[in-house]
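Colleague: In case you want the letters, here they are:
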Amino acid sequence: MTNHRHFRHRAAALAGAAAALALVVTGCAGAASGTPGASTDSATPVSGGTLKVAFWDDQQGCIDPNQVYWIESRSIDRQIADSLTDQDPDSGKIVPWLATAWSINADSTQYTFTLRDGVTFSDGEKFDATAVKTALDGTFALGPKSILGLTYLAGYGSTTVVDPTHVQVDFTKPNAAFLQATSTTTLAIEAPATYQQTPEARCAGAVVGSGAFTLDNYTAAKSAHLTKRADYAWPSGLVTNQGAAYLDAIDVTYIKEDSVRNGELTAGTIDVAWPRQPISDADQQVITAAGDVIESRALPGISSILVPNVTKGGPLADADVRNALQKSIDRTTYASTIFWADYPVVTSVVDSTTPFATDESKLLAYDPDGAKKLLDTAGWAVGADGYRYKAGQELTLHYPLTVSGAGEQLLQDQLKQVGINLSLDVVTAAQNTQKLAAGDYDLTGTYLTRADPSVLGSSLDQSSSKQASAVNSQDAATGASISELFATGLETPDDTARGTAYAALQSKLISTGSAFPIFERVQIAGVSNTVHGFAFTSEAFLRANDIWLEQ
Amino acid sequence: MAIDTALSSSLEQAELETFPPAHRGRPGDLGESGENREQDDRRPPLQNARRERLQYAARRVLRRPGLVVAILLLLFVIVSAAFPALFTHFDPYATAPADKLKAPSLSHLFGTDEIGRDLFTRVLYGSTLTIQATLAAVAIAVVVGLALGVVTGFLGGWVDLVLMRLVDVMLAIPRLLLALVIVTALGFGTVPISIAVAVGIIPGFARITRAEVLKVKNLPYIEAARTGGASWARVLLRHILPNSWGPVFVLAVLDFGVAILAISALSFLGFGAAPPAAEWGTLISNGRNFLITSPWLSLLPGLFVGLVVFSLNHISKSLEELQR
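Heads up: the sequence lines are chains P and W, in that order.
Counting in the UniProt record's numbering, the first sequence runs from 1 upward without gaps.
Counting in the UniProt record's numbering, the second sequence runs from 1 upward without gaps.
Bound conformation, chain P alone:
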């Protein structure tokens, strides 16, 4: 046992040294991919083997890329369905994939794509302009069934087949985020036959794509099995392996308990342990001590935020109370306590890897004294029990949630220091949905993954989103000014103009107390030391094209 481990260590060290040497010799040619696993591997990949991945849960129970919002399902979908474009994880730049080129008109209402030739779906059908039209029309037809598709295709008008390799997409209003949207799994192009199935059947696994793997079977929250396509030859330029995948198959299981999942990884029963919340510091040490590897990437998209309800006439209807709440959250301590010492501290309403993310840490500074002053002037006086009262009413904020972890309780204690009583109301998922719909809450939490700041609109833009977090988080005047900034951000494909609009939007959301960032989201995966070529996509999903297993 010990000998074996020693050997593994030594082998790893040798491989590392060899890799370092190779990098020096080749002038860091491989480092650009930004994926530690991929860039440091110099050994020759071998084909064969099954990659065993364990996710934590599958609560949405849907595998159709066009419909699903569940992060883990999207990781599976990335292997089975390709998109028109791909996004560089490092620069956020959009690069060709199934579309080799594209042009956008000045007001972002018309996109023309030139399509790659020779691509087929796994059912044998040819990928062409008609297939793209079928896919986009089919995704748009899903309507609210596709929470993400709804915003990705906001203002969708029609798709026109120009010729077999050219397709034109028209919007009724500007949608500058559409190009990025075409790189997501949500707008992945599935085979035309797929769209003849009902949305429910597609959710349950009737999904055919042009990806490097095909989906053999999928049982919601239980398992999924993928096998490789031997004739695959059209990955994006971000992938090193331009041919068929090295892996024969991918086996997906779901293990809810973090400790059990991590234990299976160190015991060698699974190859990748993929949690939702970051693997704890302590567990990371256990994993690395067993010789396995920790991979991480900050998830782009909405950071973990709390959203107020200002409509029910509760304490948060008062802007002073919202600002006080913003000041009384100690985000630095939160990051170092709930996660670990150098865990990134949240700096905006979007994670730092999101394109156009700005650093709003000045507005998010921990200032308990300032918070107390604000509450004093707003008329909330400290009572005998340390909580604040106004006209006999305690300053209580109801936060319904289905599971309360250490993070919420730390936050609760932080708010207690300034006299705010954060009531963590643990309810069932059904009750939670009901409370949100009825507006019977003061705070609710949300986050969403997408490598474009327009993702904020899905949760916070009153003019497009019907979610409680959008409808209840701003009064009409604030809501109108925020919606205007969202519209400006979507008006033009020009990066500078978009950047200005989204910078204004981020500071506006924070300064009006329409969103309270709590922590930055990081996708962490525990990866076995026999796995090489591990890579994250730009949206921090799994990309298995380059993965090979030590035999």
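Hints were generated in silico from the structure; no laboratory data involved.
Do not take every clue at face value.
List time: in silico DSBU-like cross-link candidates among lysine-lysine, alpha-carbon distance up to 30 Å [what the hints assert, rightly or not]:
{"#": "1", "chain 1": "W", "residue 1": "317", "chain 2": "W", "residue 2": "215"}
{"#": "2", "chain 1": "P", "residue 1": "372", "chain 2": "P", "residue 2": "312"}
{"#": "3", "chain 1": "P", "residue 1": "145", "chain 2": "P", "residue 2": "312"}
{"#": "4", "chain 1": "P", "residue 1": "373", "chain 2": "P", "residue 2": "362"}
{"#": "5", "chain 1": "P", "residue 1": "145", "chain 2": "P", "residue 2": "256"}
{"#": "6", "chain 1": "W", "residue 1": "100", "chain 2": "P", "residue 2": "416"}
{"#": "7", "chain 1": "W", "residue 1": "100", "chain 2": "P", "residue 2": "362"}
{"#": "8", "chain 1": "P", "residue 1": "93", "chain 2": "P", "residue 2": "508"}
{"#": "9", "chain 1": "P", "residue 1": "390", "chain 2": "P", "residue 2": "435"}
{"#": "10", "chain 1": "W", "residue 1": "317", "chain 2": "W", "residue 2": "217"}
{"#": "11", "chain 1": "W", "residue 1": "102", "chain 2": "P", "residue 2": "416"}
{"#": "12", "chain 1": "P", "residue 1": "435", "chain 2": "P", "residue 2": "416"}
{"#": "13", "chain 1": "W", "residue 1": "100", "chain 2": "P", "residue 2": "256"}
{"#": "14", "chain 1": "P", "residue 1": "256", "chain 2": "P", "residue 2": "435"}
{"#": "15", "chain 1": "W", "residue 1": "100", "chain 2": "P", "residue 2": "372"}
{"#": "16", "chain 1": "P", "residue 1": "435", "chain 2": "P", "residue 2": "145"}
{"#": "17", "chain 1": "P", "residue 1": "466", "chain 2": "P", "residue 2": "508"}
{"#": "18", "chain 1": "W", "residue 1": "102", "chain 2": "P", "residue 2": "256"}
Just a few of them, taken from the derived set where beta-carbon distance is under 7 Å, the chain P residues facing chain W [to be verified]:
{"#": "19", "residue": "282"}
{"#": "20", "residue": "333"}
{"#": "21", "residue": "406"}
{"#": "22", "residue": "409"}
{"#": "23", "residue": "410"}
The beta carbon of each residue, even a glycine, is placed where N, CA and C say it ideally should be.
Using the hints provided, position chain W relative to the given structure of chain P.
Modeller: Chain W in isolation, oriented as in the chain P frame:
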């Protein structure tokens, strides 16, 4: 104060008395002592008799060191549940990020949790919630179970038939499953889980009581009491009930342990009190992600619950033996 004097005088007596007054029996015993006690014409001796019985019981208890330890532990739990602040100077809810995940030491007997709260303090404050919930659950179960058992056993006929079939149905459903269903319907919190657990243990009480009532009901002295002109209500309350709750009492102590486990299980699953308050089960559950790196987080509260339940089991078993 009154107890003090009684105790000291009983200690004096203990030296004089050497043999157990076996002929006197205990309340609940049938026949001579039960029925004839009141005819005993020595007035002070009534006091004496009580004292003697106390001494006798005390001596029998002291002969079982395991039982003494169990009782002491239980006393500690009950006292600390009532006055947790006596045993710790920490605030159970105050977080201290700098002190997170500290191993057990003299300053933190059970170590600290992942946001720096003293775990021993959390266990003691958790006792308050858990013991309250348990007491409530067992009280509900005893009252309802006893009532059901007495009514069905005493009335018999179709009342017995209908109610007992209902009880049978309840017995057929696994207790924890039943509790889960009820708690989901009622909502989360200490009160709902004690009701849920109570419903699960009512059938046991009802069945035992009914069996005892059936046994006692046909004994000659009941007939004698009836012939003597006592009303049915009086017979029920004065003769049947007192003579049938012995086994129920044993079961109640035993079910205390069962109820603690059930309540811990429910709070382990997240149905317990609203955070930051935590029952024992919540504490065990919170630590499970740190089992490999900080095992005390789950193990110490778990050990604590285990010891309490073992103690209750032991007390219940000893009570049964002592009653024999």
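Colleague: Evaluate each hint against the coordinates.
Modeller: Comparing the hints with the structure gives:
| no. | hint | verdict |
| --- | --- | --- |
| 1 | W:317 with W:215 | 22 Å, holds |
| 2 | P:372 with P:312 | 24 Å, holds |
| 3 | P:145 with P:312 | 28 Å, holds |
| 4 | P:373 with P:362 | 18 Å, holds |
| 5 | P:145 with P:256 | 26 Å, holds |
| 6 | W:100 with P:416 | 19 Å, holds |
| 7 | W:100 with P:362 | 28 Å, holds |
| 8 | P:93 with P:508 | 26 Å, holds |
| 9 | P:390 with P:435 | 25 Å, holds |
| 10 | W:317 with W:217 | 27 Å, holds |
| 11 | W:102 with P:416 | 24 Å, holds |
| 12 | P:435 with P:416 | 24 Å, holds |
| 13 | W:100 with P:256 | 24 Å, holds |
| 14 | P:256 with P:435 | 26 Å, holds |
| 15 | W:100 with P:372 | 27 Å, holds |
| 16 | P:435 with P:145 | 21 Å, holds |
| 17 | P:466 with P:508 | 20 Å, holds |
| 18 | W:102 with P:256 | 26 Å, holds |
| 19 | 282 | 3 Å, holds |
| 20 | 333 | 5 Å, holds |
| 21 | 406 | 5 Å, holds |
| 22 | 409 | 5 Å, holds |
| 23 | 410 | 5 Å, holds |
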